[in-house]
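Protein sequence lines correspond, in order, to chains X and H.
The first sequence lines up with residues 1 to 262 when you count with my numbering.
The second sequence lines up with residues 263 to 562 when you count with my numbering.
All clues stand as given, with none of them false.
What follows is a list of derived Cβ distance ranges for each label pair:
#1 R14(X) x G327(H): 25 to 35 Å
#2 E372(H) x R140(X): 46 to 56 Å
#3 A247(X) x A475(H): 55 to 65 Å
#4 S319(H) x P31(X): 43 to 53 Å
#5 S319(H) x M255(X): 12 to 22 Å
#6 R14(X) x N301(H): 31 to 41 Å
#7 R427(H) x K259(X): 35 to 45 Å
#8 A46(X) x S435(H): 52 to 62 Å
#9 Y276(H) x G107(X): 22 to 32 Å
#10 R14(X) x S435(H): 21 to 31 Å
#11 E372(H) x A60(X): 55 to 65 Å
#12 S258(X) x Q455(H): 31 to 41 Å
Quick caveat, the hints were computed from the structure, so don't treat them as lab data.
If you're wondering where the values come from, they're calculated on a predicted model, not measured in any experiment.
Don't be surprised by glycine CBs; every beta carbon is placed ideally from N, CA and C.
The residues making up each chain are set out below.
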Amino acid sequence: MSATTTFQVAPVPRMLWAETRAKLLSRLRSPAFSVLSIVLPTMFFALFYGIFSGQAGSHAAEFGKYILATYGTYAVANVMVFNFGIGIANERGQKQDLLQRATPLPGWVATLAQVIFSLVFALLALIVLYAYAFTVGGVRLDPGALVGFTLKLLLGSFPMMGLGMAIGYSTSANAAPAVTNLIYLPMSFISGIFIPLSQLPSGIQTVGKLLPLYHYSQLPLETVGQNTESLGTAALWLIGWTVVLFALGLRFYRMDASKKFS
Amino acid sequence: MEKVVELIDAHKRYGSVEAVKGVSVAIEHGELVAMLGPNGAGKTTCISLMLGLRKPSSGQAKLFGLAPTDRRARSRCGVMLQESGVPGTLKVKELVDLFRSYYPNPMPAERAIGLAGLEEQAGRQAQKLSGGQLQRLYFALAVCGNPQVIFLDEPTVGLDVEARRAFLESIRSFASEGKTIILTTHYLEEADQLAERVVVIDRGVVVADASPAEIKSRVLGRRVSFTADRSLSDADFQGLPHQNLEVEGNRVRLLSNAPEALLRDLFRRGYDIRDLQVVGADLEEAFLDLTRHAEKETVA
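With the rest of the complex left out, here is chain H (with noise of 0.2 Å):
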């Protein structure tokens, strides 16, 4: 398959702070990739270096394997970030139509203004839309283009449930056109509902890169919560296998990769309790499982 993104052992240093420390993905045709991980952990970077708005300190970045500089590969990209702005007057209509220009075969101001629901509003001026209307703006913006990738930097942030929802559906429909997907989040349920592919970084390092299945299916966590008969405290869990333990007076939630033995030790050491919950953990707490795992080798 041919690659559309790649970052070749790239680091990125910015003075002394080095934001990304030595990153390789390459991203394929078609795929539908979520870069997770917290704030700051050098997501956007990553994306920074893939579209050629930041050069790698050292190490390599190909954008259909140019330059990603190289105009050629910015024809075929439609890009959506996290700080950005357009000139406030102008309709959206009359922006799209702007954005359409850049591109060698663009599709329908239309039928972009369509994909990111918009039709209401194509007469209005930018500066007079709410917030999540921006966020559509700016993704009709990156795909009116027809681009063969876009790259989504925290395309949700600031939006509302249903706003959401409705954004991912956008999303989604353009990626059953074979279009590449690339974005960025640290909601991590938006990763597990629309990527195919998850790469976690942390601290600048890639972490994991895996399906979202096979990234929880890595941790072997199961979150436990109860409520006991009496206050607990951290040392009442000594010698019991938990992680992740939070005690609120007599509530208490923890991760365990066996749920079962630690109940049956409760048991054995008098604790009654109540409201049991044992559920799989969520890629939440497979992400801080994958992190914390990251840190404790960095430690070694």
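The shape of chain X in the complex, shown without the other chains (with noise of 0.2 Å):
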């Protein structure tokens, strides 16, 4: 009887290893998402860089950083938002969570794999990027700034997890793709990240500086010393913003599980 009187669970480490390495090779086989998070941020990266450096003259050094931290900013947005958006609508749309929230793995440690697995690709996303800029673009960056920028690009990106959660929990699979690009392209365009926010009109600017992307952007560029607003400021708007999206995205997650699950 001792065999089945004993209670036993299955290691979280294990669980997270293989429900994170689940994600990426899933991820990796359709090209498509794969490529369009990966290469798309680079391609923009290019384009603007190549149009705009020869007008900045003297100041193309300093205009290289400042699109290298914008563009970087999209790139890991870009990653959380549809990772997150479309990933969950996804998966709800298979009906993969229904077999799931059948087996012993915990809910947050499928939450928590998908972060990870975000974490991981948005990384792949700003090396590509990296590369291209360094080489091609020819933008400086000393390594110790690179960290600082690169790990300030990853934790400021949790308020895009909670937009992209949801979205994920709210739209069908279907709608997901259209209503994150929706939601996320002209968010892109208000906070600055293509064009700088000063060169847009001022109602939009006053607009801009709400939203979290606008304050996420400011992490970066406060490494490469061509920030508007300060640090500390930035990370104050962030952790609101990250309460706000993600209160919602829980809130959407409960009343898709009420559905299902009650």
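Take the two lone chains, each set in its own frame, and fit them into one complex as the hints suggest.
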């Protein structure tokens, strides 16, 4: 009887590793999605840098660092919003959540795996961007600054995960790509990601300065000395947005779960 | 014996519909149980309650004496649901390894794949499997954690005859290790072939809970079929002991508790018949009879 009366559970690190690995493998085998997330930010960088660096004249070096920061922000945020948004909507659409719910895998381990996997994926996107910017683009950043720059980009991305969760749990798999683009692309523009905020109309600037993506871009911009608000202020805004967006994501998650599992 | 699963006067209401109306079932270690009933009878809801996928509106559900959502209880269960999905770009072996990681003492991946008969597809992506192979994959995922009990919700739906036979063989092979198996089905021969105990559910209540043989013996009915020398109608059978009458021109099929008396009366009334067959009612007919009795009781 002892074998049947002792309760055992699987160790969390083993589940977490297997879950993260499975998500990475699965994503790398969907080339369209991977290429879009990893290569698109670098293509945008190349386009804008190619067009505008000539006009920057003696400021070309500073301009290069500036758009490395904004397109780095774009790259990581893009991975987070799409991975969580479309990823979760797809899992729901394919009813993966039903089977998973019946296994001993705790929900929080699955979510943590999604976070780790997304961070790894974002890092890949950054590495491609850096490779282009530092070789073809000729942007210079010393190694110490590069480490801080990268860490800030990864750590500042939490509000974007919350946004992705909110989209993923509230939209169908069919609608998720459109909804995600509809929210993320205008937000990127208004937040000064594609074109510096100072070049945009003042009405847009006012709105942009409320959005999480604007404050997020301030983190890497601070490393290259081109921030327009202090690191502390940006961090407070991001914490606030993280709370708001995760609360929204959690609310949609509960609404979805109560339909299926109550 | 240790109780593996228990529903105690469980009710489940979805809005205004009561899908389960006071079901009490206890399943012990090593039992092979089929939950049998027509579509919409409440079988899947019962399984969902047992697994903690749904909460009972009233009453209780227990898994190994714990709340069904308890991870310690879940770690002893394997599950095959009617509606589920896996990441399509992962390969069979990768998915089995993923699900193995959820359990404390999983079986080797090769064994789970072997039990499901998927050796040749181990390196294939889930999205490229046929319907039958996908069902087998879900079976592999249900057993790979080496659980003490597996829940199979309509496991053979959509399988052809050959695939179903192979699948039942896989389940039997896993059961032979002293595992508890709980499956739902509306394929009655499946319950008969596989289970030692059949719980018949209809309209949210248990209408019978016995061995397949007992259920058969409870129904006295015999299946009678013959071809008459002329066209018949329902009226021709008035006053004769029969149920479930089907008349199609000259061809007649019915159930009767007294086939001898019925045939004697037919001959006496001057009908001539040929191609006569009288056989014992199978489980399907037993089941029809049981649910009809339950219906009468609720009406009364």
